[in-house]
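*Asks:* Let chain A serve as the given structure and place chains B and C on it in line with the hints.
Line by line, the protein sequences give chains A, B and C.
Just so you know, the UniProt record's numbering puts the end of the first sequence at 351, numbered straight through with nothing missing.
Just so you know, the UniProt record's numbering puts the end of the second sequence at 342, numbered straight through with nothing missing.
Just so you know, the UniProt record's numbering puts the end of the third sequence at 293, numbered straight through with nothing missing.
Keep in mind that the hints were calculated from the coordinates and are not lab data.
In this text, all values refer to a predicted model and were calculated from it rather than measured experimentally.
Where is the CB? At the ideal position from N, CA and C, for every residue including glycine.
Treat each hint with caution, since some may be false.
Straight-line distance between alpha carbons at most 35 Å, and here's what the computed DSBU-like set of lysine-lysine pairs gives [what the hints assert, rightly or not]: (1) A:K209 x B:K54; (2) A:K167 x A:K107; (3) A:K167 x A:K7; (4) A:K177 x A:K7; (5) A:K319 x A:K177; (6) A:K119 x A:K167; (7) A:K101 x C:K178; (8) C:K178 x A:K7; (9) A:K319 x A:K259; (10) A:K347 x A:K259; (11) C:K182 x B:K199; (12) A:K101 x C:K182; (13) A:K259 x C:K178; (14) C:K182 x B:K339; (15) A:K259 x A:K7; (16) C:K182 x A:K107; (17) C:K178 x A:K347; (18) A:K347 x C:K182; (19) C:K182 x A:K259; (20) A:K119 x A:K107; (21) A:K7 x A:K101; (22) A:K209 x A:K107; (23) A:K209 x A:K7; (24) A:K101 x A:K119; (25) A:K209 x C:K178; (26) C:K182 x A:K7; (27) A:K119 x A:K347; (28) C:K178 x B:K339; (29) A:K319 x C:K178.
Covered by chain C, according to a simulated footprint, are these stretches of chain B (three or more residues, beta-carbon under 8 Å) [to be verified]: (30) 20-34; (31) 106-112; (32) 128-134; (33) 137-151; (34) 156-164; (35) 217-225; (36) 318-329.
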Amino acid sequence: MAEIQLKNVSKRWGNFVAVDAFDLAIADEEFLVLLGPSGCGKTTTMRMIAGLEEITDGEIFIGERLVNRLEPKDRDIAMVFQSYGLYPTMSVYENIRFPLKVRRVAKDEHHERVMRAAKMVELTDFLERRPAELSGGQRQRVALARAIVRQPTVFLMDEPLSNLDAKLRVSTRSQIKNLHHELRTTTIYVTHDQIEAMTLADRVVVMNKGVVQQVGTPLEIYDRPANTFVAGFIGSPAMNLIDGTIGDGVFTGQNVTIKGLPATVSGPVTLGFRAEDAAARPDGGGEIAAPIFSLELLGEASMVTVQAGGALVAVKVPKDFAAEIGSAFSAAVPAGICHLFDAESGKRIAV
Amino acid sequence: MPHRTFIWFILPSALAMLIFIALPIVSILVQSLFVENERVLVTVENCGPFGCQKEVRVDAQATAALQREHPLGRFNGLGTYGNRSHLAFSEIAAIWNARPTLAGFLSEVMTLPFYRALAFTLAYTAVVTPLVIALGFFIALAVDALPRMVKGPVIFMSLLPMMITPLIGSLVLFWMIDSNGIIGASIQALANDPSLSLKASATLAWITLFVYGIWHSAPFAFVVFYAGLQTVPQDTMESAMIDGASRWERVRYVVLPHLSPLVVFVALIQLMDNFRVFEPIVGFSAQANATSLSFNIYNDLRSTGTPLFGSAAATSVLTLAGVALLLTPVLVRTWRDFKRSR
Amino acid sequence: MTAKTRRRPPVLAVLSTAFIVLWLVLAAFPFLWTLWGSFKVQGDFFSRQDWVNALTGVHTIAETGGPFTGRGYYGAWVTKEFWRAAINTGIVTVSVVLISLTFGTLGGYALSRSPHRYAFWILIAALIFRAMPHITLVSGYLLPFFQLNVWGYLTTAIVVLVAINQPFTLWMLHSFFKSIPKDLDESAMVDGCSRFQAFRMVIIPVMWPGVVTTGLFSFLLAYNDFAVTATLLTQDNQTMVPKIASFLGTTQVQGNVMYAVSAVVSATVPLFLLVLFFQRQIVSGLTAGAVKG
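This is chain A alone, in the form it adopts within the complex (with noise of 0.2 Å):
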């Protein structure tokens, strides 16, 4: 157990910049998400932290120990793969407990640890198969057993579902957030989909371009997105973003008229809001007026889209709401679920 901390993690790869000045501190039992689209250099923080990439600038810190220069096995850390990684060449014992035969861990402990790792995973029907014999979610629960088997300082999990179907992703889910819980071992969890990471998460940390872009627990990141990459990324569907200019208090647009603004702010700028927050008007006067452009049923509600400030805006409308495409739609978005962006920078507006 221990927290780790990044002091000015850079990477780069010629002039290529993967990631850029990543500065953080992990606190012990902490499970920390790294979030964001493809490319956006999660990934490649994480496998600094577990040595597998050299770090070109910066320092980090497992526990008291400065670990840049340390191989990855001497740094005390367990990791899941996307692939899972599991040695194809061995059983599912065999795989749970290479690390402790590699670690020299004494042998009279080993069967007994590795039932316990598998028994956590529901493993223990299997421990004779081969990984190719096994289901994806099977394969995935050995490459979780062979990362508790040991009991790590930390863990490391990037992408684990990845390769998951639909179903089993949220069980499977379920199943780390209780492991979790159980061994409380600090925990780094690479995702690009934000639905893993504000149920998994105790921290967040939002990337974009090799850059942080927030830090924050699932909630604050979630009502108080930091700019509009956070706004437009969390949240399904993610938050509406309208550019328009304000004025006195009076946001305009196209198709959008929104009062009661704060009167601080004037000029070009971009108004988030979202789709659950805001309310059909049927009789009309809302603050954004415009035909239908789709109508989709999600199940427990249905989902209006219509074109407002220069972009598909979409509203939350009871699963009931019947209306043709085409025909006139009124949505009340009052200015207290309104967030504002810098037009230019993208930079929240504190209001």
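*Replies:* The following block gives chains B and C in isolation, referenced to the frame of chain A:
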């Protein structure tokens, strides 16, 4: 992988290549500047019952001592490159001046050992490479259409000419085309000419060597293309059928483009291998009618008495220059791809 | 391919089958003929009058009393001591294969896992080295080897063949290693292995098919070599191929061509078995370089 780890892993392999491939290149460059020591001659007076005679003899001891002192031989600068066995500048000039017609000039030049070898090497490379590719492609197409059952045995038999030791393969054919061998005798019978021999005429000897080369290498092209055919995208093939492409058009517009990287690969390997042709010449005992650059080097090294190191080295340098020319387009292309991919 | 895209008009099918049959005759007949002929006497195998003699064995019956004779084999193996050459070939090929694979797996692994630019350049250098005609390299060795007094020994030939083999081995193993996911060695390293342990305990067990295939081709190179073994070995240390070549000089004159024919057949048998048992690996090996490299 950190540099240090990389170095340890690559070291044995890199050292082996450095010492036994890179250094020998330096070695032939140096050797080519020297020629063999002259033998030390002494004049001895031999007095017998019929009076005294003066005789010139080789002083073996002094020669050996000289050899010990200068193992490389005498320094000759670039002289070896210009002599009759190599680029033969003065001979060419003389022929040029004496012979007014181009054909006559060429036929005279072809008597010079280096040009004779160069001509055969180039002809062999130029003839065998495309024919191997074409034959291999057609075999692959035909085998691909066979029922699954017979494919295994067919591939097995097809592989034999390639797997065989080149010298042995050429011997096997050599014995068959012997005027007493099955093919040689049959051809004589067919042509009704008992003096006809595939070995005697230069043209026939060349053709025999070409045929051997194609026979030997076609399986390689076949196997590569056959494997390529297994990965032809079925979607594209089927959409071409739906679009109304004929069988030939499907081969032309779907199969060939799919195989084109493989054609480049086979061509590259074949160019390298054909350019160093030499075992078949030994196997067919064809040196009277056809020699290659590699054969000339071998011949110099095996020459009775002292090996002609300087001469072999000079031919080697010229051969390597040829290889370099051959590889240049490939290297330029690789370099461009590499630049673009970064 | 599916049935539909395969179906061909009958004319084409007949032509293509005829073509294959013709090719198979060209490919396999010389070997069958020589194998058959090696059990005859020279008068039959090189028959002046009629090639049918080689089938019926008129002279063989006349000279030995039976339709088949092992005289050629006796002459080659016993009289001419071909067995020495066979043993030498065994020593050379086995050593070359083992050393080449050891060097090649280490180097090929490093090249496949290094993201650095120099790895690319080493591969290009290997490609250039691959193109060097072997005899030019030999002409570079000969004089220094004489001076250093290492000429003529099997060890020398083995070392040289290993080196000449390296460019090809590196390329082939490199492309096989590339096909093994990096996740595998990385998990091993996180699990507690050093780079070398990961290579030995995790990667090599997975790599066996590739190692076997590359080994086959190393074997072929060493077994089939003529340029190096013919020039770098003394008479006593000769391997099979140069030994056969030297038979030609002597036996042709003495009327003992059948010794050479028998030796040729003997030397072909191992290759034949090799293709028989490792056809799949050979095919995959030939294409590995092409498809991935």
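*Asks:* Next, verify each hint and record whether it holds.
*Replies:* Comparing the hints with the structure gives:
no.: 1; hint: A:K209 x B:K54; in the structure: violated, 95 Å
no.: 2; hint: A:K167 x A:K107; in the structure: violated, 38 Å
no.: 3; hint: A:K167 x A:K7; in the structure: violated, 38 Å
no.: 4; hint: A:K177 x A:K7; in the structure: holds, 28 Å
no.: 5; hint: A:K319 x A:K177; in the structure: holds, 32 Å
no.: 6; hint: A:K119 x A:K167; in the structure: holds, 22 Å
no.: 7; hint: A:K101 x C:K178; in the structure: holds, 27 Å
no.: 8; hint: C:K178 x A:K7; in the structure: holds, 34 Å
no.: 9; hint: A:K319 x A:K259; in the structure: holds, 28 Å
no.: 10; hint: A:K347 x A:K259; in the structure: holds, 21 Å
no.: 11; hint: C:K182 x B:K199; in the structure: violated, 57 Å
no.: 12; hint: A:K101 x C:K182; in the structure: holds, 21 Å
no.: 13; hint: A:K259 x C:K178; in the structure: violated, 61 Å
no.: 14; hint: C:K182 x B:K339; in the structure: holds, 25 Å
no.: 15; hint: A:K259 x A:K7; in the structure: violated, 44 Å
no.: 16; hint: C:K182 x A:K107; in the structure: holds, 29 Å
no.: 17; hint: C:K178 x A:K347; in the structure: violated, 43 Å
no.: 18; hint: A:K347 x C:K182; in the structure: violated, 39 Å
no.: 19; hint: C:K182 x A:K259; in the structure: violated, 56 Å
no.: 20; hint: A:K119 x A:K107; in the structure: holds, 19 Å
no.: 21; hint: A:K7 x A:K101; in the structure: holds, 34 Å
no.: 22; hint: A:K209 x A:K107; in the structure: violated, 46 Å
no.: 23; hint: A:K209 x A:K7; in the structure: holds, 18 Å
no.: 24; hint: A:K101 x A:K119; in the structure: holds, 19 Å
no.: 25; hint: A:K209 x C:K178; in the structure: holds, 28 Å
no.: 26; hint: C:K182 x A:K7; in the structure: holds, 28 Å
no.: 27; hint: A:K119 x A:K347; in the structure: violated, 48 Å
no.: 28; hint: C:K178 x B:K339; in the structure: holds, 21 Å
no.: 29; hint: A:K319 x C:K178; in the structure: violated, 52 Å
no.: 30; hint: 20-34; in the structure: holds (count 10)
no.: 31; hint: 106-112; in the structure: violated (count 0)
no.: 32; hint: 128-134; in the structure: violated (count 0)
no.: 33; hint: 137-151; in the structure: holds (count 8)
no.: 34; hint: 156-164; in the structure: holds (count 8)
no.: 35; hint: 217-225; in the structure: holds (count 4)
no.: 36; hint: 318-329; in the structure: holds (count 5)
Checked against the numbered hints given earlier, this structure breaks hints 1, 2, 3, 11, 13, 15, 17, 18, 19, 22, 27, 29, 31, 32; the rest are met.
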